[in-house]
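Based on the provided sequences and hints, a complete structural model is requested.
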Amino acid sequence: MESIGTKNQQSNHKLNIIIGNWATKTLMLDFDNTPLGEVKLWCFRLYVWFGLGGFIILQSSQRILAAKDKRTGKIIFRYRIGSYLVVFNREVTWKQNVRIMNWIALESGNIGLQNYVRMQCIKGSSTLRLSNKGKKPFPKPIFHHGSQDKMIAEFLDNRQFILDFLNNSAC
Amino acid sequence: MMVKPATVNRIRQLSKQGKPANEIVRQLRREGIGIRRKTILAYVRKFKGRKPKPQPYKYVPRKYRRKPAYRRRLIAPPPTPKQKHIAIYGKHKRKSKRIEASGTGKQLYKFLIDAVEHPPKRRFVTVSVDKVKGLSDRARYLDYGEYWDEKPTIKS
Chain A
1 MESIGTKNQQ SNHKLNIIIG NWATKTLMLD FDNTPLGEVK LWCFRLYVWF
51 GLGGFIILQS SQRILAAKDK RTGKIIFRYR IGSYLVVFNR EVTWKQNVRI
101 MNWIALESGN IGLQNYVRMQ CIKGSSTLRL SNKGKKPFPK PIFHHGSQDK
151 MIAEFLDNRQ FILDFLNNSA C
Chain B
172 MMVKPATVNR IRQLSKQGKP ANEIVRQLRR EGIGIRRKTI LAYVRKFKGR
222 KPKPQPYKYV PRKYRRKPAY RRRLIAPPPT PKQKHIAIYG KHKRKSKRIE
272 ASGTGKQLYK FLIDAVEHPP KRRFVTVSVD KVKGLSDRAR YLDYGEYWDE
322 KPTIKS
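As they're listed, the protein sequences go chains A and B. Using our numbering, read the first sequence as starting at 1 and increasing by one per residue. Using our numbering, read the second sequence as starting at 172 and increasing by one per residue.
I should point out that these hints are in silico values taken from the structure, not numbers from a laboratory. Note that CB positions come from ideal geometry on N, CA and C, so glycine has one too. Don't take every hint at face value.
Claimed, not checked - Covered by chain A, according to a simulated footprint, are these stretches of chain B (three or more residues, beta-carbon under 8 Å): (1) 245-256; (2) 260-274; (3) 278-284; (4) 307-320.
Unchecked claim - DSS-like mimics (lysine-lysine), calculated; alpha carbons at most 27 Å apart, straight line: (5) B:281 / B:262; (6) B:255 / A:140; (7) B:187 / B:175; (8) B:281 / A:25; (9) B:209 / B:187; (10) B:277 / A:14; (11) B:264 / A:14; (12) B:255 / A:14.
Claimed, not checked - Computed Cβ-Cβ distance ranges for the label pairs, DEER-style: (13) B:293 / A:14: 21 to 31 Å; (14) B:297 / A:169: 15 to 25 Å; (15) A:153 / B:293: 31 to 41 Å; (16) A:95 / B:250: 27 to 37 Å; (17) B:297 / A:66: 43 to 53 Å; (18) A:24 / B:248: 21 to 31 Å; (19) B:229 / A:153: 49 to 59 Å; (20) A:169 / B:251: 21 to 31 Å; (21) A:80 / B:307: 48 to 58 Å; (22) A:169 / B:307: 18 to 28 Å; (23) A:135 / B:264: 16 to 26 Å; (24) B:317 / A:145: 38 to 48 Å; (25) A:77 / B:275: 44 to 54 Å.
In structure tokens:
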């Protein structure tokens, strides 16, 4: 497998730091190198099982991979994987948050997600990136389901605040 | 308003004939005397010895009446500022550093302008920005002599 292209747009902001949103009462997840269909599947499972009200998926980055035949070297098929950030609508306590994050990390078997959950447990709060990171652009919402009025509204408000800050300041 | 004595005499004359006010108005118009209806009615009332109707307010259509105090629109209270939680993280001298700032928009914006350039003094700083107002307050948390390293490769 090899990466044959990327759809990421170059961002104009040259920051030496990353700006994100942190919260203890919002359930946030980071799926690295996962197809979008799989991310949706796990989100719906969490949404139904824990009654989380609704969720929004943001695309952080995307890659198109190609599987080649070893003998001939021809491309058999192409597929997309990406990094997706998920925010859920219902307010949860930090105890519930850790419980749900660890449950999904174990069940999905996603190494990237497991590392993310470990980092959040060390820090004592969940963080999601909102600014650009090197060549990666800032995350954009691509899918939402259910109600969006509580923690998602707060998250999007913070996102808009940071985008306004980056656009107005000469970063 | 000044009215000519001849016009007043004519109104008096017509009133004594027992003509109603509307007919007096029409008659004066036919004779080419221009005068406001409101003024004619005042003179007719005077010559006939009648008082104006009590409570004239009730003859005004409702839509033109002044709204009572309880029906006036109240001024909406200003919205309460929302608390925002922003994390800034990067590397300084190859060590990861992190600021977790929370506060309302205006104060947070001022803090972000400095925090984007200068790293914190300690590796992990949590700040409630509403208490941090001046440069001296910000200098307690941020190291103004230093700058963040380039190319952030830190994990969130």
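We went through each hint and held it up to the structure:
Under a criterion of three residues with beta carbons nearer than 8 Å to beta carbons of chain A, the stated coverage of the segment 245-256 of chain B is upheld, 3 such residues being counted. With 4 residues carrying a beta carbon less than 8 Å from a beta carbon of chain A, the segment 260-274 of chain B meets the three-residue requirement, and the given coverage holds. Coverage of the segment 278-284 of chain B by chain A holds. Counting CB-CB distances below 8 Å, 4 residues qualify, and the rule asks for three or more. Check result for the segment 307-320 of chain B against chain A: holds, 3 residues qualifying (beta carbon to beta carbon below 8 Å, three or more required).
Annotation: proposed proximity of residue 281 of chain B to residue 262 of chain B holds, straight-line Cα distance about 22 Å (limit 27 Å). Of the pairs offered as hints, the one joining residue 255 of chain B and residue 140 of chain A holds, with about 19 Å between alpha carbons and a cut-off of 27 Å not exceeded. Note on residue 187 of chain B and residue 175 of chain B: the hinted pairing holds, with a Cα-Cα distance of about 19 Å set against a maximum of 27 Å. With a CA separation close to 25 Å, the supplied pair residue 281 of chain B and residue 25 of chain A stays within the 27 Å bound.
A distance of roughly 19 Å separates the Cα atoms of residue 209 of chain B and residue 187 of chain B; the hinted pair therefore holds under the 27 Å criterion. For a cut-off of 27 Å, the pair hint linking residue 277 of chain B to residue 14 of chain A stands: about 23 Å separates their Cα positions. Only pairs whose Cα atoms come within 27 Å are accepted, and residue 264 of chain B paired with residue 14 of chain A is accepted, the gap being roughly 19 Å. The hinted pair formed by residue 255 of chain B and residue 14 of chain A meets the criterion: a straight-line CA distance of about 24 Å does not exceed 27 Å.
A beta carbon spacing of about 26 Å between residue 293 of chain B and residue 14 of chain A agrees with the range 21 to 31 Å that was offered as a hint. Between residue 297 of chain B and residue 169 of chain A the Cβ separation comes to about 23 Å, which falls inside the hinted range of 15 to 25 Å. The hinted window of 31 to 41 Å between residue 153 of chain A and residue 293 of chain B holds, with their beta carbons roughly 33 Å apart. For the pair residue 95 of chain A and residue 250 of chain B, the supplied restraint of 27 to 37 Å holds, since their beta-carbon distance comes to about 31 Å.
Taken as a hint, the range 43 to 53 Å holds for the pair residue 297 of chain B and residue 66 of chain A, whose Cβ atoms sit roughly 45 Å apart. For the hinted restraint 21 to 31 Å between residue 24 of chain A and residue 248 of chain B, the CB-CB distance of approximately 29 Å keeps it satisfied. For residue 229 of chain B and residue 153 of chain A, the hinted distance range of 49 to 59 Å is satisfied, since their beta carbons lie about 50 Å from each other. With their beta carbons about 26 Å apart, residue 169 of chain A and residue 251 of chain B fall inside the hinted range of 21 to 31 Å.
Distance hint for residue 80 of chain A and residue 307 of chain B: a CB-CB separation of about 51 Å, consistent with the stated range 48 to 58 Å. Residue 169 of chain A and residue 307 of chain B have their C-beta atoms about 22 Å apart, which keeps the hinted 18 to 28 Å range intact. Between residue 135 of chain A and residue 264 of chain B the CB atoms are about 24 Å apart, so this pair conforms to the stated range of 16 to 26 Å. Distance hint check: the CB atoms of residue 317 of chain B and residue 145 of chain A are about 44 Å apart, consistent with the given range 38 to 48 Å.
About 51 Å separates the C-beta atoms of residue 77 of chain A and residue 275 of chain B, a value consistent with the hinted range of 44 to 54 Å.
No hint from the list above goes unmet by this structure.
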